[in-house]
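Engineer: Following the hints, position chain X against chain L.
Chains L and X, in that order, give the protein sequences.
The first sequence lines up with residues 1 to 113 when you count with my numbering.
The second sequence lines up with residues 114 to 220 when you count with my numbering.
The hints are simulated quantities; they were obtained by calculation from the structure and are not laboratory data.
Every residue gets a Cβ at the ideal spot worked out from N, C-alpha and C, and that includes glycine.
Warning: the hint list may mix true and false statements.
Counterexamples of contact, computed for chain L against chain X with all Cβ distances above 10 angstroms [unchecked claim]:
1) Glu1
2) Pro8
3) Thr15
4) Leu19
5) Ser49
6) Val52
7) Val60
8) Pro75
9) Thr101
With a cut-off of at most 27 angstroms between alpha-carbon atoms, the simulated BS3-like pairs for lysine-lysine come out as follows [said to hold, decoys possible]:
10) L:Lys57 <-> X:Lys204
11) X:Lys204 <-> L:Lys71
12) X:Lys215 <-> X:Lys204
13) X:Lys182 <-> X:Lys204
14) L:Lys65 <-> X:Lys204
15) L:Lys18 <-> L:Lys57
16) X:Lys116 <-> X:Lys165
17) L:Lys57 <-> L:Lys17
18) X:Lys116 <-> L:Lys57
19) X:Lys215 <-> X:Lys182
20) X:Lys182 <-> X:Lys116
21) X:Lys165 <-> X:Lys215
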Amino acid sequence: EAQVTQNPRYLITVTGKKLTVTCSQNMNHEYMSWYRQDPGLGLRQIYYSMNVEVTDKGDVPEGYKVSRKEKRNFPLILESPSPNQTSLYFCASSPRSRVDTQYFGPGTRLTVL
Amino acid sequence: DAKTTQPTSMDCAEGRAANLPCNHSTISGNEYVYWYRQIHSQGPQYIIHGLKNNETNEMASLIITEDRKSSTLILPHATLRDTAVYYCIVKFNKFYFGSGTKLNVKP
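Bound conformation, chain L alone (with noise of 0.2 angstroms):
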């Protein structure tokens, strides 16, 4: 089944401990993103990759990182998390000719205490 996973769907950690949420495809996509989706504010793009080893700053990308060294998977690292990003997050997926007609994953929500 085409899909894309994420893990973990839920989180609850303390300020400043580093944590990974991890994102997987099935579908040989070449372009992946990730969002963060707040009450009142929408979905916005955090950071998005168009192919392996090549990532740009979406919307958002303060205190986030990401890597693309295989192109079924694309991590979202927080290195040090705050309170302030505490909300549910998206990782989608899709063929670098349809890049707006995306793939999403069934969301992780974090809770930083």
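Structural biologist: What follows is chain X alone, placed relative to chain L:
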């Protein structure tokens, strides 16, 4: 990028057509109109997109006015599972999900 305006919420009876409007009066000639939906806290789901011609797929139809300043997403026979937030997006360089329209499909 063009901004979009959608009603905050709409109701629709199950089995009837749901018509969701979107205004994008500042759209430029090369900007597409996209529709996504998000069922409670799940990942958004792509529905349909178009440039200037009307489009139809297995999920919905998209009607774009001739001046391209507005569009309507049509779900021909709404079911309870279509209850979701529907996002109208106009994008050239950047994708922006706004607040969308909360569609409530009622029995």
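Engineer: Taking the hints in turn, state whether each one holds.
Structural biologist: Evaluated hints:
For Glu1 (chain L), the non-interface assignment is confirmed: its Cβ lies about 15 angstroms from the closest Cβ of chain X, beyond the 10 angstroms cut-off. Residue placement check: Pro8 (chain L) keeps its beta carbon more than 10 angstroms from all beta carbons of chain X (closest about 15 angstroms). Listed as a non-interface residue, Thr15 (chain L) keeps its Cβ farther than 10 angstroms from every Cβ of chain X; the least gap is roughly 24 angstroms. Non-interface call for Leu19 (chain L) relative to chain X: holds, since the shortest CB-CB distance, roughly 20 angstroms, exceeds 10 angstroms.
A cut-off of 10 angstroms between C-beta atoms confirms that Ser49 (chain L) is not in contact with chain X; the least separation is 14 angstroms. Look at Val52 (chain L): its CB is around 21 angstroms from the nearest CB on chain X, clear of 10 angstroms, so calling it non-interface holds up. Every beta carbon of chain X lies more than 10 angstroms from that of Val60 (chain L), the smallest distance being close to 12 angstroms; the non-interface claim holds. For Pro75 (chain L), the non-interface assignment is confirmed: its Cβ lies about 17 angstroms from the closest Cβ of chain X, beyond the 10 angstroms cut-off.
Its beta-carbon lying about 5 angstroms from the closest one in chain X, Thr101 (chain L) breaks the requirement of being farther than 10 angstroms from that chain. Of the supplied pair hints, the one linking Lys57 (chain L) and Lys204 (chain X) holds, its CA atoms being roughly 17 angstroms apart against a limit of 27 angstroms. Between Lys204 (chain X) and Lys71 (chain L) the alpha-carbon distance is near 25 angstroms, which keeps this suggested pair within the 27 angstroms criterion. Between Lys215 (chain X) and Lys204 (chain X) the alpha-carbon distance is near 21 angstroms, which keeps this suggested pair within the 27 angstroms criterion.
The straight-line distance between the Cα atoms of Lys182 (chain X) and Lys204 (chain X) is roughly 14 angstroms, inside the 27 angstroms bound, and the hint therefore holds. Restraint check for Lys65 (chain L) and Lys204 (chain X): the C-alpha separation of about 25 angstroms stays at or below 27 angstroms, so the hint holds. In summary, the hint linking Lys18 (chain L) to Lys57 (chain L) is supported, as the alpha carbons are separated by about 20 angstroms, within the 27 angstroms threshold. For a cut-off of 27 angstroms, the pair hint linking Lys116 (chain X) to Lys165 (chain X) stands: about 17 angstroms separates their Cα positions.
For a cut-off of 27 angstroms, the pair hint linking Lys57 (chain L) to Lys17 (chain L) stands: about 23 angstroms separates their Cα positions. In summary, the hint linking Lys116 (chain X) to Lys57 (chain L) is supported, as the alpha carbons are separated by about 21 angstroms, within the 27 angstroms threshold. Between the alpha carbons of Lys215 (chain X) and Lys182 (chain X) the distance comes to roughly 21 angstroms, so the proposed pair stays at or under 27 angstroms and holds. Distance restraint check for Lys182 (chain X) and Lys116 (chain X): the Cα-Cα separation of roughly 11 angstroms lies within the 27 angstroms cut-off, and the hinted pair is therefore satisfied.
Taken as a hint, the Lys165 (chain X) and Lys215 (chain X) pair is honoured in the structure, with Cα atoms around 25 angstroms apart against an allowance of 27 angstroms.
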